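Enquirer: Below, each chain spelled out in residue letters.
Number of protein chains: 2
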Amino acid sequence: MKEKELLQELKEINLLQQALGILDWDIQTGMPEKASNERSEVNSYLYSIYFSKKIGPKIKEAIHYFSEHPDELSETGKVIFEKVKEDYELEYKVPEELMTALTAATSSAQVQWQKSRESKKFTDFQPALTKNIELTKELIPYWKKDEATDYDVLLNQYEPGMTVEILDRVFDQLKAGILKIRQTINEKGQEPRTNFLTRKMTKAQQEKFVVGVIEQLGYDFSRGRLDDTIHPFMLGINHNDARITTRWNEHDFKMAVFGVIHEAGHGMYEQDIDEKYAYTPIYQGTSMGIHESQSLFNEIIIGSNRNFWEKQYPFFQECAEGTFDDISFDDFYRSLKKTQSSLIRIEADSLTYPLHIIIRYEIEKMIFNEGVAIEELPEIWNDKYEEYLGVRPENDVEGILQDVHWSGASFGYFPSYALGYMYAAQLLHAMEKEQSIDEILASDDYSPIKEWMKEHIHQYGASRKPTQLIQDATNEGLNPQYLIDYMEKIYFSVYQVD
Amino acid sequence: MKEKELLQELKEINLLQQALGILDWDIQTGMPEKASNERSEVNSYLYSIYFSKKIGPKIKEAIHYFSEHPDELSETGKVIFEKVKEDYELEYKVPEELMTALTAATSSAQVQWQKSRESKKFTDFQPALTKNIELTKELIPYWKKDEATDYDVLLNQYEPGMTVEILDRVFDQLKAGILKIRQTINEKGQEPRTNFLTRKMTKAQQEKFVVGVIEQLGYDFSRGRLDDTIHPFMLGINHNDARITTRWNEHDFKMAVFGVIHEAGHGMYEQDIDEKYAYTPIYQGTSMGIHESQSLFNEIIIGSNRNFWEKQYPFFQECAEGTFDDISFDDFYRSLKKTQSSLIRIEADSLTYPLHIIIRYEIEKMIFNEGVAIEELPEIWNDKYEEYLGVRPENDVEGILQDVHWSGASFGYFPSYALGYMYAAQLLHAMEKEQSIDEILASDDYSPIKEWMKEHIHQYGASRKPTQLIQDATNEGLNPQYLIDYMEKIYFSVYQVD
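Chains as they are written, first to last, in the working numbering: chain P, 1 to 498; chain V, 1001 to 1498.
No lab work stands behind these hints: they were computed from the structure.
If you're wondering where the values come from, they're calculated on a predicted model, not measured in any experiment.
Derived DSBU-like pairs (lysine-lysine); straight-line CA-CA distance at most 35 Å:
1) K200/P x K1254/V
2) K384/P x K180/P
3) K1085/V x K1465/V
4) K203/P x K1034/V
5) K53/P x K1011/V
6) K1338/V x K1450/V
7) K1131/V x K276/P
8) K1203/V x K120/P
9) K1011/V x K58/P
10) K1144/V x K1454/V
11) K115/P x K1011/V
12) K465/P x K1034/V
13) K1120/V x K1137/V
Generate the whole structure from the sequences, applying the supplied hints.
Expert: Now the structure itself:
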């Protein structure tokens, strides 16, 4: 066995993965409704080829050989081999039929989810969700290493090293911090004026603005594209093809503007991965949490910065063709940071956002560690919203049907959003030791920010673990206090609390 | 070997073909520009899996077994097996590397073609075209059976049974007929008024109209979709996913209106194929000529009908929101059928259209039978346009770069368009023996037309050959006189020639 042979096999596996990515993109951006059954078969079949290669004889042989002859690998080869070995050990025990069944189930569940959003009834999605949960529960024993609980196993799929024990503690600290800020604002804060936020801005006007902004931030359209979907996402096919989607509301420009800036952060991460990792399992973001740190850095850290908006506001006004000419910059900026309890996660403001995640975390823990009955979930969901945020969904589209994740069996994914937010604030703190983000965002050239991220995070792809990246970039482990401090600074300033 | 095993293998081959179809759709509808190299690798690899199965040991075994035990096949199984055997005999001699190289070459040529359209220079496309021609010439000896010339081999790929000998004769008759009609019109005809055709109609207004029209004609949007591309096409993934594309010009509504009606004809054919052929090589149109007969029946036969437009004109006026309120129906209808020499095939009127095809036919014959030098092609192209149509392209985008076909190495394809047109007129003649198309198009229900086509053409997919379909549907073989008579009737009426 030569390194070259291993790389050729990994390349074929990666090419199949890229094809599966495009098929999935097509499902989500406009496959004809009645095509879903045949498409399920296409995806399942292709997945079965992919999966049987991924845990196939060549990979097995390579693992045996290079475990005994590590010195025959190049430096890059060693890093790639470590990831291959890790993935293999995670997956080789899983029966191929089970993974094929899961692919078919999620493909069909996505269609059911979209239908249930039209009928607004969880019961139309429940059978598909139940199937996804059952198959995931069947998979857990195959994935399990030394994790303390079943849900820990799922967390580890998205954020290696993350546990229920850590999250219970970190989320407690974060929740307490947020509630304290909310209380202070309620008592002493000056509410920003926001009545102009619903003024009509056409899709074309919004698109002109946000496309211009993300190009300035560093998203490369010659290696990406922007499409429309119900639930926005980024799909990284390879570093020359990192696509993003959004949805538009002509009477709520904030949705698409911040949504696109968010997805562009994911896209920039993928576009910056070092080409030397092409066609290998390293050629992707290292974890969902780190991925979210990049999208949330764009959306919240940059998107809450006063200097950033002071610079962009004239361009925004120009794109809006007069609609906001009577609004002062100060009023405009403060309106963007109004905080208010909401029902929909992706429309939530940056103060209440983590509470949405904590609710999903608690429910997923109930599903996988406490055996809750699926039909009770909408009620549980609604009760938690009422308790934590003081609002209650009137139907399931405003509640449990709002997110696509469970239709893709992505259980354990949600906590990544809050982890990413904490990482983003911590990265900002580290970056500020070297350069002033306020000064950069007041200038014509934002590239030093992206360069810092490329140097410390992006370039590595999945060759380094989240814990190592955060430790190396910030000189300490995960610390939720940076986010609490950051939120306090922004919200006290906007709400004019002394 | 059981029939079930054969069908399972054919299903896997078909699933790979569906995946390749989606990948190609993505390339043409918006893949990021810089993604083309990696995508070439994805397509080549997937194609190599597809192709090695298509001529692989299971198919080989099935051919041996069922050639000796035909009675063990069901009725449908026999029809499928015949097609499999035929395809196999065409392809098994071809080295896999050669087909893989062609897939890579065409994938890259499509990108080069699009770039050359921007630079307007044939020389930017010439290396890719030369490569496509060289690889095709390498393939011809493997495909050749008893055809008289190399170009006959290519014709047979798209229209089984078609020869240079037949086409030379039929095209001579057609050319003479067209020239005679043009002469009569020039001498005695009344030119329709057309100055209002360039009035602005937004994409949204055009889309509303044409989507409404093709739904009435029978195109099913729950099993299809409409996208934007430079060169319009239909892609049949399966009978639940037959997609179409168009391009729009706000000052030339005719382009998208007739373009979409055309592509919908292709789509309706694919959507109507009997589901019993699903996941087999029968699950597609039988030939390019028959396919074009369906698109041109929609676009030209229905789209030239006075009663059809009399019925649709109020809806058209409504969609145009007042823009055409001052135009009488008679003026409007006559304007649609104005004939005039043009440079672009897909913008040509229905009288001069076959001349565009005859030019391409003659050039392809020169490439494959007469060894013409590739760099001379733009000059030859331009000379022929001047000679046959009296117009000369000013640049290559108006000339030899206008069509996508050669970038996909689809040599021998163009004649199908003229064959389809002749078939369409012949099918109309046969249909009229049973029902009056004028009466149907004056009514609220167009379905009898589609039902007739479904019964005589669509349902069979590729289970019957073009010659048999035409013979059975019209009780005779290909006869170009029906088209000449049809064109004379329409154009003499519009041009008010007695």
